[in-house]
Amino acid sequence: MEARGLTKSYGGRKAVDGLSFSVRAGRVTGFLGPNGAGKSTTMRLLLGLERPESGEALIEGRPYADLIAPMTRVGALLDAKAFHKGRSARAHLLALARSQALPDGRVEEVLDLVGLGSAAGKRAGAFSLGMSQRLGIAAALLGDPAIVLLDEPVNGLDPEGILWIRNLMKRLAAEGRAVLVSSHLMNEMAVTADHLLVIGQGRLLADCATAEFIERHTDPAVYAATPDVAKPALLEEAFMRLTAGAVQYAAR
Numbered sequence: 009m010e011a012r013g014l015t016k017s018y019g020g021r022k023a024v025d026g027l028s029f030s031v032r033a034g035r036v037t038g039f040l041g042p043n044g045a046g047k048s049t050t051m052r053l054l055l056g057l058e059r060p061e062s063g064e065a066l067i068e069g070r071p072y073a074d075l076i077a078p079m080t081r082v083g084a085l086l087d088a089k090a091f092h093k094g095r096s097a098r099a100h101l102l103a104l105a106r107s108q109a110l111p112d113g114r115v116e117e118v119l120d121l122v123g124l125g126s127a128a129g130k131r132a133g134a135f136s137l138g139m140s141q142r143l144g145i146a147a148a149l150l151g152d153p154a155i156v157l158l159d160e161p162v163n164g165l166d167p168e169g170i171l172w173i174r175n176l177m178k179r180l181a182a183e184g185r186a187v188l189v190s191s192h193l194m195n196e197m198a199v200t201a202d203h204l205l206v207i208g209q210g211r212l213l214a215d216c217a218t219a220e221f222i223e224r225h226t227d228p229a230v231y232a233a234t235p236d237v238a239k240p241a242l243l244e245e246a247f248m249r250l251t252a253g254a255v256q257y258a259a260r
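As numbered in the working numbering, residues 9 to 260 make up the sequence shown, in order.
Hints should not be assumed to be uniformly reliable.
[Claimed, not checked] FRET-style restraints, in silico, Cβ to Cβ:
#	residue 1	residue 2	range
1	43	137	14 to 22 angstroms
2	232	76	46 to 54 angstroms
3	125	220	38 to 46 angstroms
4	244	106	37 to 45 angstroms
5	216	184	18 to 26 angstroms
6	17	75	20 to 28 angstroms
Since the hints were made in silico from the structure, they are not lab data. This structure is a prediction, so every number in the text was calculated from the model and none was measured. For every residue, glycine included, the Cβ atom is placed at its ideal position computed from N, Cα and C.
With the sequences and hints as input, model every part of the structure.
Okay, structure coming up:
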């Protein structure tokens, strides 16, 4: 998956400004940035839900709109509540599966995978945010895609759910998939992401391994004095130092 010079503006303000990067298979790539940095817009551009003013977004070398049975190539969770509130979880996934000519049996597989097997017949509109997140992840994985995009997937999850999604993302990457996940939880990204893309005001600020990012953007004295086992905890400091000049809304 690749972005090449993506630019998108709203009301004269550039939400995404000449953004270029690639998301490689076999690793979890954390997508970080302050509020308003352009993360969600970038994900929408990658999936063809927005049209860039310039540049292009490619999935396996082609725009999303050119993919045949796209859910078998890329799965995405952008909005945990993106379902018909009157349908059951099973009915929602069945509709998606049949739109992609996927076997009905795959629905039961992903329901069990995300822990919703016992709630499959319940109306999705009554789901908590955490259950809705699980349903959204089930939909993203329905086509057994090689590429997975997740926008803030741990929102609403309890500690058990957070640990579950962390391990799931690592397992997907270990299976050779490309995983792109946006999050504001630095502690989660520190232990989950192999690689980081950091943006601010729509521009790319960093594109490197997580360990390299922490070392590069942490105070050298603090980094040297921190035991190796605790170094991932420095990600928040490194992120704040890098993005200090790109925060759109800051309390005083």
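Hint-by-hint comparison with the structure:
1. 43 with 137: 14 to 22 angstroms: 19 angstroms, holds
2. 232 with 76: 46 to 54 angstroms: Holds, since residue 232 and residue 76 (Cβ atoms, about 53 angstroms apart) stay within the stated range.
3. 125 with 220: 38 to 46 angstroms: At roughly 41 angstroms between Cβ atoms, residue 220 and residue 125 fall inside 38 to 46 angstroms, so the hint holds.
4. 244 with 106: 37 to 45 angstroms: Distance hint for residue 244, residue 106 holds at roughly 44 angstroms.
5. 216 with 184: 18 to 26 angstroms: 22 angstroms, holds
6. 17 with 75: 20 to 28 angstroms: 26 angstroms, holds
Against the hints set out earlier in the document, no violation occurs for any number.
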